[in-house]
Structure formats: C-alpha cells, structure tokens
Amino acid sequence: MKAVNKVDGRAFPLGLKNVDTDVIIPAHYLKTISRIGLGKGAFETIRAQPGNVFDDPEYAGAPIIIAGDNFGCGSSREHAAWALNDMGVEAVIAPSFSDIFSGNAFKNGIVTVVLPQEAVDRLLEVAKTDPIHIDLENKVVTTPYQDRFAFEIDDFRRNCLMNGLDEIGLTLANADRISAHERTLAQSQPWLVPVAA
Amino acid sequence: MATKPRTLYDKIWDAHVVDQRDDGTCLIYIDRHLVHEVTSPQAFEGLRVAGRKVRRPDLTLAVPDHNLPTTARVDAAGSRLPIADVESAQQLAALESNAPSFGIKYIGATDREQGIVHVVGPEQGFSLPGTTIVCGDSHTACHGGIGALAFGIGTSEVEHVLATQTLQLKQSKTMEIRVEGTLGFGVSPKDVILAIIGKIGAAGGTGYVIEYTGSVFRDMSVEGRLTVSNMSIEGGARAGLVAPDDKTFAYLKGRPMAPKGEQWDQAVAYWRSLATDPGATYDKVVTLDAADIAPSLTWGTSPEDVVPITGVVPDPMSFADPSKQAAAQKSLDYMGLVPGQRMQDIEVQHIFIGSCTNSRIEDLRAAAAVAKGRKVAANIKQALVVPGSGLVKAQAESEGLDKIFIEAGFEWREPGCSMCLAMNPDKVPPGERCASTSNRNFVGRQGPGSRTHLVSPAMAAAAAVTGRLTDVRELMA
Ligand code: SF4
Chain Y
1 MKAVNKVDGR
11 AFPLGLKNVD
21 TDVIIPAHYL
31 KTISRIGLGK
41 GAFETIRAQP
51 GNVFDDPEYA
61 GAPIIIAGDN
71 FGCGSSREHA
81 AWALNDMGVE
91 AVIAPSFSDI
101 FSGNAFKNGI
111 VTVVLPQEAV
121 DRLLEVAKTD
131 PIHIDLENKV
141 VTTPYQDRFA
151 FEIDDFRRNC
161 LMNGLDEIGL
171 TLANADRISA
181 HERTLAQSQP
191 WLVPVAA
Chain X
1 MATKPRTLYD
11 KIWDAHVVDQ
21 RDDGTCLIYI
31 DRHLVHEVTS
41 PQAFEGLRVA
51 GRKVRRPDLT
61 LAVPDHNLPT
71 TARVDAAGSR
81 LPIADVESAQ
91 QLAALESNAP
101 SFGIKYIGAT
111 DREQGIVHVV
121 GPEQGFSLPG
131 TTIVCGDSHT
141 ACHGGIGALA
151 FGIGTSEVEH
161 VLATQTLQLK
171 QSKTMEIRVE
181 GTLGFGVSPK
191 DVILAIIGKI
201 GAAGGTGYVI
211 EYTGSVFRDM
221 SVEGRLTVSN
231 MSIEGGARAG
241 LVAPDDKTFA
251 YLKGRPMAPK
261 GEQWDQAVAY
271 WRSLATDPGA
281 TYDKVVTLDA
291 ADIAPSLTWG
301 TSPEDVVPIT
311 GVVPDPMSFA
321 DPSKQAAAQK
331 SLDYMGLVPG
341 QRMQDIEVQH
351 IFIGSCTNSR
361 IEDLRAAAAV
371 AKGRKVAANI
381 KQALVVPGSG
391 LVKAQAESEG
401 LDKIFIEAGF
411 EWREPGCSMC
421 LAMNPDKVPP
431 GERCASTSNR
441 NFVGRQGPGS
451 RTHLVSPAMA
461 AAAAVTGRLT
471 DVRELMA
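Chains as they are written, first to last, in this note's numbering: chain Y, 1 to 197; chain X, 1 to 477.
These are computed hints drawn from the structure, not numbers from a lab.
Quick reminder that beta carbons are idealized off the backbone N, C-alpha and C, glycines included.
Be a bit skeptical, because a hint or two may be false.
Said to hold, decoys possible - Covered by chain X, per the in silico footprint, the following chain Y stretches (three or more residues, Cβ under 8 Å): (1) 41 to 54; (2) 129 to 142.
Claimed, not checked - Short derived list, chain Y residues pointing at chain X, Cβ under 8 Å: (3) VAL4; (4) LYS6; (5) ASP69; (6) SER75; (7) LYS107; (8) GLN117; (9) MET162; (10) LEU165; (11) GLU167.
What the hints assert, rightly or not - FRET-style restraints, in silico, Cβ to Cβ: (12) Y:PHE156 x X:LEU81: 48 to 56 Å; (13) Y:SER179 x X:ALA250: 48 to 56 Å; (14) Y:SER179 x X:SER273: 24 to 32 Å; (15) Y:LYS139 x X:LEU81: 53 to 61 Å; (16) X:THR71 x Y:LEU30: 39 to 47 Å; (17) X:ALA250 x Y:ARG177: 31 to 39 Å.
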C-alpha cells in the first residue's frame with residue numbers, strides 16, 4: 001500500500017451528515033469483480049443533483065472530502081472505501097465516522113480525520129476557494145490562512161498509514177514465524193499437505 | 001505438572017497459534033482455504049495490485065457454486081453453454097482464470113467433482129479433523145461436522161489468508177450443546193439443529209464456538225453431523241464442532257485428497273487425541289432431550305422461529321420480549337400467516353431439496369424414500385432436487401434415486417447453491433411459499449418477497465406430495 005505522510009490539495013466541501021454507504025456506493029454496484037472502477041458509481045445519488053460538488057470543475061480530482069457527522073454509516077461493504085480510493089480520495093475530514101467504515105478506510109489507506117464541528121465548518125468555508133493541508137506526521141490540518149487544527153489518530157493506524165503497511169503487510173512482517181510454524185507442522189503433521197489428486 | 005484438561009476447541013486453537021499480541025489477538029494458521037466465485041475476485045485483484053502471491057496454493061481449493069445455473073451446463077455436442085446473467089458470468093470467469101494463474105487447484109463447472117464448497121471439501125478429503133478451515137461463506141461452519149474448526153470470512157480476510165495463510169483472531173468462548181437419548185421415528189439431524197436454534201435463539205451462540213456432544217451426535221452419521229454443524233451460524237456461533245471418531249475416519253478414508261498409508265495411521269492417532277478431556281469445562285452448557293425433538297420447521301423469518309410440525313403459528317404476543325413481539329408480527333405479515341393457524345394446513349407452491357445443509361446422499365435417500373411411488377401435488381409449481389456435488393449426483397443415479405424423483409414429478413438438477421440464496425436463476429417468486437431444506441429463512445433470501453419454511457429433506461418431500469406442510473411420520477407409517 002502507498003505510504004501517506006500528508007494529503008495536500010483541494011477538498012470537496014460536501015458537509016452532509018450521515019452519508020451512508022448506499023450514498024457512497026449504491027448496492028447495484030456490488031456484484032462486481034474489481035475494486036477498480038467503482039469511482040464511477042460513487043455518490044451517484046448526489047451526482048444526480050444539478051450543481052453538486054462532485055461534478056463542479058472547481059474541485060475536479062480533489063483528494064479530500066469534508067463531511068458532517070457519522071460518515072460511512074450503514075452496511076459493512078468494503079466497496080465504499082474502494083469507491084473512494086478509485087475516485088482518488090485519500091482523506092475524509094468529518095466530526096465522526098462509523099466504526100466499520102473507518103476500519104475499511106484504514107485497510108485501504110484512506111486517512112479519516114476527526115475534527116470538531118466548528119473546525120469542519122471553517123474548513124468547509126476555506127475549501128471553496130483554497131487547498132487544505134493534512135499533515136499526518138504532526139497530526140494537524142492547516143490552511144493558507146494560518147488555520148491550524150490538531151487531530152487525534154490511533155498511533156498504530158498512523159504508523160501503518162505513514163509506512164504504507166496494510167494488514168497483510170503487517171502479518172507478512174511476521175513471515176518468519178509463519179514459516180517456523182509450517183516447518184513444525186511438516187514434522188508433526190505431515191499429512192496436512194494434501195495428496196495431489 | 002499435569003496439564004489443564006482442554007476442550008476439543010482449545011486443542012485445535014492451541015495447535016494453530018503462530019503468534020500472540022498483548023491484547024490477546026492471535027495470529028492463527030489456516031490449514032485449508034476453500035474459494036468460490038462470489039467473495040474472491042477482489043481478493044485476487046488485491047494480491048495482483050500489491051504484487052503478492054498465494055502463500056500456499058496447495059492448501060487452497062477453488063470451486064464455483066453460488067452463481068452457477070443448475071440447468072444443463074453443456075449442450076448435446078458437449079460444448080459449454082453460456083451463462084445468461086452477465087455479472088454471474090463475469091464472476092465465474094474471474095475464478096476460472098484466477099485459480100490457475102495463482103496456482104490453485106480448480107474444480108470447474110463441468111467437472112464431475114464440482115459442487116457446493118461445503119459438500120466438496122469433506123467429500124474430497126480436503127477438509128480434515130483438527131484442521132482450521134476458512135471460506136468466504138458463513139456456512140463454512142459445516143466442516144465442523146468432521147471435527148474441523150471452520151468458519152466464514154469476508155473478502156479482505158480471504159485476501160489475507162491467500163497472502164499469509166493466517167488470520168488475526170481472538171479466541172471464542174465455548175458452548176457445549178448436549179443431546180442425549182434416541183431420536184424418535186421420522187426425526188432427522190435437520191430437526192435436531194432446528195430444535196437447538198429454537199431453544200438457544202438466533203443470537204444464542206454469539207461469541208461462542210459450539211461443541212455438539214451426547215449420544216445423539218455419537219450415533220449420528222457424518223452427513224448428519226455436517227448438517228447440524230452447518231447451521232451453527234444460524235444460532236449465532238461462528239463455528240460448530242463434533243469430535244472426530246471412528247465414523248469420521250471411515251467417512252474420510254480413501255477420499256482423493258485424504259492422507260494415505262502410514263500418514264493415514266499417524267493422522268488417525270492424532271485425531272483421536274483431540275476429543276475433549278474428561279474434566280474440561282465449557283463456558284456454557286445447554287442440554288436437550290432427544291425424546292422432546294419432533295420433526296420441526298420454521299414459521300417466520302428468523303431461523304429461531306421454530307415449531308414442531310404438529311404445532312401452530314404462534315401469537316406474537318406470546319413472546320415475553322417486546323422487541324421479539326414486534327419482530328414476530330412483522331414476520332407473520334411477511335409470511336402471510338395468522339396466529340393459531342395449524343402448520344399442517346399451510347399450502348406451499350415450491351419445494352427445494354438441496355443446499356450445503358441437506359444435499360448429501362443420505363439427504364437424497366431420505367427424500368426419495370418419501371417420494372417413491374407418490375406424485376408431486378397439483379398445486380406445486382416447482383419441485384427441485386439439487387444434489388450437492390457431481391459425485392453425490394452420480395451416486396444417487398447409481399441407486400436410481402433420480403428416477404424416483406423424476407417419476408414423482410421433481411426436477412433433477414445439476415449441483416450448486418441453487419434456490420438457497422437467489423443469486424442464480426433458481427428463485428421463489430414474490431409472495432409464494434417454499435418448503436426448503438436450506439439454512440436461511442430471511443426476508444428475500446430465496447428471491448424478493450419469497451416465503452421460506454426450513455425443513456428436513458423427508459419433510460420437504462412430504463410437502464411436495466401433499467402440497468402443504470406435512471408431518472412426514474404420517475406418510476411413513
Ligand atoms: S448452499 Fe447456500 S449456504 Fe451453502 S454455500 Fe451455497 S449459498 Fe452458502
């Protein structure tokens with residue numbers, strides 16, 4: 001997974017509360033075979049509205065979404081994180097996130113930044129005209145106007161994001177132990193390797 | 001120092017811990033990974049994107065089942081027939097190309113060994129006692145019937161297992177479900193598990209791994225144990241277990257992927273050592289008396305909504321819990337039933353004999369024994385018999401079971417998940433009712449608006465020939 005130290009750029013000033021996984025990616029995109037390409041279905045219902053932020057050329061290709069409370073609520077579908085990834089979103093700023101979504105986002109290298117509503121309101125304002133800067137190393141969000149909002153993030157997750165470690169990468173860091181277990185098994189339970197049929 | 005007595009679950013768990021974190025999370029080694037077309041495409045894609053390999057392709061087995069139509073797969077000339085649903089076809093094609101490109105053994109749609117993953121695993125001797133088995137399907141608990149610790153996982157875990165052959169897990173609590181006595185006439189393993197879920201509730205096993213003990217399970221065939229363990233998840237438990245014994249060994253011996261020769265003897269000696277030690281304790285114990293279990297079925301939209309066939313549709317107000325009262329009322333509205341209605345008066349339009357719960361040879365024999373010499377009732381629109389695998393199908397045909405079913409008016413299909421989950425063309429239309437040997441009676445499970453009554457194979461056959469839910473004992477007398 002790509003290492004993320006900072007996310008820099010324009011942000012979609014979405015602002016909505018309770019953006020659920022059905023809004024992020026509607027159910028009819030679920031019978032897919034790829035996590036790539038889901039971006040085209042992302043926020044389909046919002047995009048159906050004229051003048052929506054996602055189709056505004058001002059924000060084209062923005063790597064950040066700023067939203068209201070409880071972002072990512074609803075089903076556990078990992079497709080929501082895949083869809084954001086596919087549309088190039090690297091971070092979401094909101095006052096709160098659903099647990100399952102933030103877990104899925106983390107697994108897919110997306111930074112979830114929790115800030116108080118006042119800070120989010122200020123960032124929504126700035127985002128209309130200027131870029132936002134998320135500094136993961138120093139745990140702070142800044143703007144070109146001297147705004148400075150510190151945020152908290154689990155050290156384990158921050159470390160993983162900054163080093164580009166996904167869960168599989170972390171487990172593979174333990175590959176020696178896995179190999180040792182396999183060597184023991186080959187001795188104690190040799191029948192575990194299936195007979196080639 | 002004497003070691004602390006351990007349960008079957010503890011022994012399997014302990015033998016698979018690769019590493020332990022401070023918070024108690026363990027890295028658990030996975031001995032067997034079954035892969036099907038629905039939950040695997042994005043996992044393979046993830047590997048490809050990250051440039052990773054499958055760590056142990058030799059411990060992985062892929063077979064399509066969920067999306068495959070159960071109608072003929074080849075034409076008269078032997079050419080593969082196309083699959084009409086574009087997305088199903090894509091998922092199936094993805095598995096067909098992913099498996100070989102990652103070096104995984106693949107049983108194809110037209111191979112004799114093809115079937116439902118949970119039927120194929122034990123049948124091929126791929127699933128073995130004392131192993132950890134995972135699959136991206138919640139009914140993986142099935143393999144617990146041969147004494148394996150088996151559970152369902154999601155797509156990102158599928159990718160994790162493919163890449164690392166391990167999973168991060170926390171140890172579960174243990175629950176003993178003991179059923180002593182002798183099952184009455186016409187009472188099958190399906191009735192036993194329905195009665196158990198009716199007793200503990202659909203969330204009763206949450207956080208637990210169940211071990212089924214007592215004379216009923218000792219006397220039960222391996223096929224029956226697979227049926228019981230399969231539905232552990234419907235009682236909320238992540239996995240179920242039956243201690244492996246001589247019946248298990250006899251069932252597995254000589255299977256294509258089972259150990260052979262000296263290794264077989266070594267394996268059996270090890271498997272014998274897995275049984276729960278005398279004096280080991282479980283976190284919870286539930287007991288049932290075999291004599292109290294009747295042929296059973298569901299009336300609602302949760303697998304805990306169980307009554308004996310001689311019973312009536314319950315009054316929602318009879319439940320103590322107000323949230324259950326509301327849920328029961330909603331279920332009855334959905335099911336189109338009224339309190340007090342006799343279960344045996346309920347007409348059905350569809351019959352489904354199949355699914356990983358009840359599609360093994362013994363299930364088909366039990367259904368055929370009822371169907372023999374009888375005719376599917378006029379009000380039945382469709383009666384499907386879907387063997388769990390090509391080998392089950394071949395065995396049934398060699399015993400003439402297919403003829404019995406066809407003469408009675410059933411359709412005899414190709415193996416697959418079929419009407420268990422409405423992902424392939426086999427569906428129950430809205431508002432219509434199905435006596436089904438599958439494992440879930442959720443809203444819309446067999447198709448939007450479908451109404452499901454979970455029953456045993458013999459009860460499904462009985463419903464087919466009378467056109468209504470029926471006490472199979474009356475037909476067998
Ligand atoms: S038969 Fe049903 S429960 Fe079993 S594997 Fe197929 S879909 Fe899952």
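Tell me, in ascending order, the numbers of any earlier hints that this structure violates. Numbers 1, 2, 3, 4, 5, 6, 8, 9, 10, 13 and 16, in rising order.
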